[in-house]
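Engineer: The chain contents come next:
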Amino acid sequence: SQQGEEDPQALSIQEGENATMNCSYKTSINNLQWYRQNSGRGLVHLILIRSNEREKHSGRLRVTLDTSKKSSSLLITASRAADTASYFCATVLYNFNKFYFGSGTKLNVKP
Amino acid sequence: DVKVTQSSRYLVKRTGEKVFLECVQDMDHENMFWYRQDPGLGLRLIYFSYDVKMKEKGDIPEGYSVSREKKERFSLILESASTNQTSMYLCASRPTSNYGYTFGSGTRLTVV
Numbered sequence: 006s007q008q009g010e011e012d013p014q015a016l017s018i019q020e021g022e023n024a025t026m027n028c029s030y031k032t033s034i035n036n037l038q039w040y041r042q043n044s045g046r047g048l049v050h051l052i053l054i055r056s057n058e059r060e061k062h063s064g065r066l067r068v069t070l071d072t073s074k075k076s077s078s079l080l081i082t083a084s085r086a087a088d089t090a091s092y093f094c095a096t097v098l099y100n101f102n103k104f105y106f107g108s109g110t111k112l113n114v115k116p
Numbered sequence: 003d004v005k006v007t008q009s010s011r012y013l014v015k016r017t018g019e020k021v022f023l024e025c026v027q028d029m030d031h032e033n034m035f036w037y038r039q040d041p042g043l044g045l046r047l048i049y050f051s052y053d054v055k056m057k058e059k060g061d062i063p064e065g066y067s068v069s070r071e072k073k074e075r076f077s078l079i080l081e082s083a084s085t086n087q088t089s090m091y092l093c094a095s096r097p098t099s100n101y102g103y104t105f106g107s108g109t110r111l112t113v114v
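Top line first, the protein sequences correspond to chains A and B. Residue numbers for the first sequence follow my numbering, beginning at 6 and rising by one. Residue numbers for the second sequence follow my numbering, beginning at 3 and rising by one.
Source of the hints: derived by calculation from the structure; they are not laboratory data. Not one of these hints is a red herring.
Just the calculated beta-carbon pair ranges, DEER-fashion:
{"#": "1", "chain 1": "A", "residue 1": "Arg-85", "chain 2": "B", "residue 2": "Phe-22", "range": "35 to 45 Å"}
{"#": "2", "chain 1": "B", "residue 1": "Lys-5", "chain 2": "A", "residue 2": "Ser-44", "range": "19 to 29 Å"}
{"#": "3", "chain 1": "B", "residue 1": "Arg-110", "chain 2": "A", "residue 2": "Gln-14", "range": "17 to 27 Å"}
{"#": "4", "chain 1": "A", "residue 1": "Thr-32", "chain 2": "B", "residue 2": "Met-29", "range": "27 to 37 Å"}
{"#": "5", "chain 1": "A", "residue 1": "Gly-64", "chain 2": "B", "residue 2": "Met-29", "range": "16 to 26 Å"}
{"#": "6", "chain 1": "A", "residue 1": "Ala-87", "chain 2": "B", "residue 2": "Arg-75", "range": "25 to 35 Å"}
{"#": "7", "chain 1": "A", "residue 1": "Asn-23", "chain 2": "B", "residue 2": "Glu-71", "range": "47 to 57 Å"}
{"#": "8", "chain 1": "B", "residue 1": "Ser-67", "chain 2": "A", "residue 2": "His-62", "range": "41 to 51 Å"}
{"#": "9", "chain 1": "A", "residue 1": "Gly-64", "chain 2": "B", "residue 2": "Lys-5", "range": "17 to 27 Å"}
{"#": "10", "chain 1": "A", "residue 1": "Ser-44", "chain 2": "B", "residue 2": "Thr-85", "range": "19 to 29 Å"}
{"#": "11", "chain 1": "A", "residue 1": "Arg-85", "chain 2": "B", "residue 2": "Glu-19", "range": "42 to 52 Å"}
The beta carbon of each residue, even a glycine, is placed where N, CA and C say it ideally should be.
With the rest of the complex left out, here is chain A:
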């Protein structure tokens, strides 16, 4: 499978703590994207990192990409209860037409 696989499957932290989730994949990619899904809703695009980039920031989000290890991490700093959601990575191959999603990390931020 070319899917990204997130780790851990579930994460529970206190408000104000940082949350780190990881994604590993198998084949060369053009870019990797992170999405958030609130319970029972569609996915929302958070951030995209290209294969020639190593780190990217967006607000409280920090994404890293290590193409030699075929892995990425998403760090959410100073988490809030509203960050409670499932987080998915999607790997985009060079033909662009298909994104491969993992099964997600379920984040619970306790107030």
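Keeping the supplied structure of chain A fixed, place chain B upon it in accordance with the hints.
Structural biologist: Okay, now just chain B, sitting in the frame of chain A:
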């Protein structure tokens, strides 16, 4: 605000029925996608379309077909619904290769 709209949030159908799931986007995106999401299996691509009247099979097309007569509308058809098609169905669109998807809110389909 740009949008992908799925016509139904919840749907209950009987085994053997023909089911239509509708998706409309207002962003003039060329590419549209149908995924299904099941616990432990993540999102799996059913079909996608990169232009009007064009379609390509995804990873799990069996039991499904699609229609794209207009750029803004992409329909998923379950020819004869079965209980193993009970799932959350997500429609998405995107403009170019380096942009992310915009997803609809999803349709939770139950086949009884």
